[in-house]
Amino acid sequence: MPTSRDTKVVTSRFGDEAAKTLAGYEKTGGYQALRKALAMRPEDVTAEVKASNLRGRGGAGFATGVKWGFVPPASATVHLVCNADESEPGTCKDRELMYWDPHLLIEGMAIAAHALHAVHNYIYIRGEMMREYAVLVKAVEEAYARGYLGKNILGSGTEVHLSIHRGAGAYICGEETALLNSLEGKRGQPRLKPPFPAVKGLFGNPTIVNNVETLMNVPAIIDKGGKWFADLGVGRSGGTRILCVSGHVNKPGVFELPMGITFNELINDVCGGVWKGRQVKAVIPGGVSMPPLDPSELDVPIEFDALQTDERIKPVHYLPGKQFDLGGGKPLRTMAGSGGVVVMDHETDIPKALWRILKFFAHESCGQCTPCREGTGWLEKVSRRIADGTGKPGDLELLGTIAHGIAGNSICALGDAAAWPAMGFLTKFWPEFEAKIRRAA
Amino acid sequence: MFRSLARARGNIPMSLEFSADSQHKITAICERYTVSGSKQPAVLATLHIAQKEFGALTDDALRLVARTLDLSYAHVFGVATFYTMFRREPAGTTTIRMCTNISCMLRGGYEVLAAFETKLGFKKGMSNKQFHLVEEECIAACANAPCAIAGTTYLLDIKPQDVEGILADLAANPRPEGEVV
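Protein chains in written order, with our numbering: chain S, 1 to 441; chain G, 1 to 181.
The shape of chain G in the complex, shown without the other chains (with noise of 0.2 Å):
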């Protein structure tokens, strides 16, 4: 009881630690900010590379990522549930970001994330090992609408009976967004 309220208040330094490789990374992501004084600016960085490595910003991953910068937890926590692309729990390998913004929705962005959802048997928001589905707020491709991510993947053009076809070639080539951190 006494631990675990400890731990929510996060004075407890815990065993989690980055890979040898990711520490590697880390070091140099901090040297392009030098001549800020400090290694706050590297926190969105470093907080993907945490996202990679853990699967998901845990509390845990939290405090590795603010001793590792030599920030608070509070400072961090703060960033990370700020931005959308960091998530708390884990999800499915490859995330699908499929827009239903104006653009999409005109050529019908919606239809085709029914269809996803259909064929994943899953809502938007959810995952499976495979897969994590998200209704994306405009990805910068409007001229191909309606149009998705994956990973370093754009789907563009999409009709709601593409979707199966679409699924199949991303089971058979995962594409986690960790790949480019």
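In isolation and in its complexed conformation, chain S is listed as follows (with noise of 0.2 Å):
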């Protein structure tokens, strides 16, 4: 039987403003599934977030238990790092779920901190979160002060602290390798991997980084167990999915959803379609880093690897005829990515998107990688003058050449997520840039 769309994992004390206090949590049934787990061994809690199928919902879906199992056995001193920098544009349910059930949070991260042996632990929250910062600090104190947290957690004898770390304005920071530079007091600058942050992360010691959502489910998990959460989902992607819908939509929102619904059904039967009555022209199915869908590819499930194998969607190419290799002859089509859907209706000057999401790149470049830093800015120059009216013959085919020069040979992911929509929107849209060019000349 299909998951039902009012099945609510993470998202069901939305709107409860009594449930963000500890006692209205408690009253709801919270921390009962810290109890179980605290009776459990740590290997049989990460053997059930393995078996629930539980994925990475910031972006990469990476899967949670085989990550929590990369720590290397025995290690005297293992962090968990809550990544709460939420800051790709078109995503906004990691900053919804802290102010709504910050205790959520930190109960989900006391069990992991249980399974991991991890004693120093922190919440890596963006900057600008000012509100939520307020919210979590003061639900860390309930929790320190009810013994949720601290050296004794529930008389177990099992050690928990958490701390949360405000940045200061870097997108760059939701890089897990930057995350923890900027945790350790530096710039905010990756790192080059291997090593990985699970063998060598925070302060040199194994560390694990999961986004706010991807903990805020492992209470359910413990609570229901594996095999229920797995059963939510759709083929090897486990439970519901947060999917944040903004731009050209009647109803623009953050849902919990089953995982799979479509585009259309997101679009068309949750957010009452696109706006003033308009058509479909462009959809980014997971944050502006994620090439975008034109109409043709929108009954595609919303899941992770629906969207980087489905045929229905189009591989990229960098130039018209030449398609982008992720390696080994594999097409990047899309991805999930964070769960930030944005409609544009048939109206959007698609070149001058382009160009906005570019120049948040040239703006987010930390400025470490020749390709990423000095090819971002040169993304934004040209896609700038063809939004402008202004562009050259050839601009397109440069645009293409440069993207395809980033992609790669970066040390972190910034470079990609630059080259990919560049190539993304190109691939789907060469003919409304061809003509604006026309135009301008």
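Bear in mind the hints are in silico, worked out from the structure with no lab data behind them. Do not take every clue at face value.
Said to hold, decoys possible - In the DSSO-like style, the derived pairs of lysine-lysine whose C-alpha atoms are separated by at most 30 Å in a straight line are: (1) K186(S) with K124(G); (2) K50(S) with K151(S); (3) K251(S) with K159(G); (4) K186(S) with K227(S); (5) K159(G) with K123(G); (6) K52(G) with K200(S); (7) K124(G) with K352(S); (8) K224(S) with K20(S); (9) K186(S) with K39(G); (10) K39(G) with K52(G); (11) K36(S) with K151(S); (12) K193(S) with K36(S); (13) K138(S) with K27(S); (14) K151(S) with K119(G); (15) K151(S) with K27(S); (16) K20(S) with K8(S); (17) K381(S) with K39(G); (18) K159(G) with K186(S); (19) K330(S) with K193(S); (20) K25(G) with K20(S); (21) K123(G) with K352(S); (22) K52(G) with K186(S); (23) K159(G) with K352(S); (24) K52(G) with K138(S); (25) K193(S) with K159(G); (26) K227(S) with K50(S); (27) K159(G) with K129(G); (28) K159(G) with K276(S); (29) K352(S) with K322(S); (30) K36(S) with K138(S); (31) K124(G) with K138(S); (32) K330(S) with K314(S); (33) K52(G) with K119(G); (34) K151(S) with K39(G); (35) K119(G) with K352(S); (36) K138(S) with K119(G); (37) K138(S) with K8(S); (38) K20(S) with K119(G); (39) K381(S) with K123(G).
Build the complex: two chains, separate frames, hints provided.
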């Protein structure tokens, strides 16, 4: 039986001001999963999360339990860090999650910390999220006072500490190794991998970095079982999925929905259709880093594997007839990313939309790698003149070539994140770009 | 001349000091990171505190942060100039961070930014005594675009005609970002 659209794993307390307090949270079943987890062996908690098919909700969709399993056995000091640096344009779920249900995040982290033997743990929250920071600070204080955090939580002998670390404005700190550098009090510049954080992360210790939504799913997995969670989802993706819909729809919003709902269902059934009676022209499927879809590709389920492999989604080309290769001949279609769905109606000026996206990446490149630092600036400059109506013949080929030169050639994924939408928009909307340049000439 | 050269190299201890309350806070923050064996992880929080206390991260403020955390001035300078929330110059009491990124742009974000500039009488990046206007890169409230943030207050689904009322309200109830520090 397909999962009902009313199934709420992480948003059941949305809109309930009382649930933000510890008393309100406990009254609605809060911290029962932590009690259950503390009675389990840590490796059994990890096994349950593995069985749940929970996949990272920050963007990459990596299997959470598998990631936890990467920590070398018998490591002396392990850290768990929650990535709450949500700043991928189009994504607005973690901020809402922390605001409405801070204790669910704390409970999820305490359970994960128990599984990982992690004592000193941190939430890295985006600097601009001042309201949510205040909510979390209060919730952590309450949790310490009631023994859900501290030296000997609930008398179990397990020690779990949690501190909140505020960022100060830098998109790149959402990249996990940049985040760790920022937590260490450095500039937020990514590290070369390997070593991966699970082996050598914060302060040189094994560290697991998980997204807010990911960790908030953990209490339900422990409470109801990994199989229950896996069965909610489809294929190798367990649970529900939060989708943030913005742009040209009648009812934008943050919705927890069954994994695998299609874009057409999302836009028409959940969001009341495209505004002003217009048609869809383009949809960004999961934050602006992801190549867009055109109207013929919207019956694809919103699920991690489908968006990468479904043949109804055209492969991305960097120049006409030249397919972009992810390695081993594998084409790039798109990815589910962070769940930020941006809908553009048929009157949208696509060259202008692409310019705005590329301006963002040029602003946020940390400056460490030459292809990204220089390349994102060039992408912004060339796309700006196309959008302004002063593009030159050959500019599209130039954009595609620059993007191809950035992709895969930087330490972290920010370079790819800038190159992919550039190549994706060119692939799907080449004639519109061409027409704009022709008018300029 | 010699004195200012030496100061530019960061070699002269300055007279700036944190208030007792801030010192207390910084000590407590450092305790969160004792496992690291260093005070360096406290630098972002300490810079937030310094910006609140001194209004801007001047050279002297950066030196004070460096001295407080046993870090080099160069390191603190490098960190302070990397993150967009830190400023080297004083600014108006309430910072309005207006997003114009894709979701906001699609629903009129640039028109709202222009309305802020018109009503304030100055361009983005500038300040008067009450306000500092910043063009922001996404504040994670995309479902309520166009949106802006002023301290702990979110301004959602803004229309250009709302701007005058928003400014009047923020003038009466300032929202300094230092509120949560």
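- Message: Need the status of pair K159(G), K123(G): alpha-carbon distance at most 30 Å?
- Response: 18 Å, holds
- Message: For a C-alpha distance cap of 30 Å, please report whether K124(G) and K352(S) respect it.
- Response: 20 Å, holds
- Item | Distance restraint between K193(S) and K36(S), which requires alpha-carbon spacing of 30 Å or less | 36 Å, violated
- Query: Under the criterion that the straight-line Cα-Cα distance not exceed 30 Å, is the pair K151(S), K39(G) satisfied?
  - Reply: Measuring from Cα to Cα gives roughly 22 Å; hence the hint holds.
- Given pair status - K276(S), K159(G), alpha carbons within 30 Å: The given pair, whose Cα atoms are some 17 Å apart, holds under the 30 Å limit.
- Message: Hinted pair, alpha-carbon criterion (30 Å max): K138(S), K8(S). Please report holds or violated.
- Response: 25 Å, holds
- Message: So if I understand the rule, the pair passes when the alpha-carbon distance is 30 Å or less; does K151(S) with K27(S) pass?
- Response: Holds, at roughly 25 Å.
- K138(S) and K27(S): Cα distance at most 30 Å? 18 Å, holds
- Task: Please work out if K381(S) and K39(G) have their alpha carbons no farther apart than 30 Å.
- Result: Distance of about 41 Å is beyond 30 Å: violated.
- Query: Given the proposed pairing of K251(S) with K159(G), does the C-alpha separation stay at or below 30 Å?
  - Reply: Satisfied, since the Cα-Cα distance of roughly 17 Å is no more than 30 Å.
- Sort out whether K138(S) lies within 30 Å of K36(S), counting only the CA atoms. Given that 30 Å is the threshold and the Cα spacing comes to 25 Å, the pair holds.
- Take the C-alpha atoms of K138(S) and K119(G), compute the straight-line distance between them, and say whether it is at most 30 Å. 37 Å, violated
The earlier numbered hints that this structure contradicts are 4, 6, 12, 14, 17, 18, 25, 31, 36 and 38.
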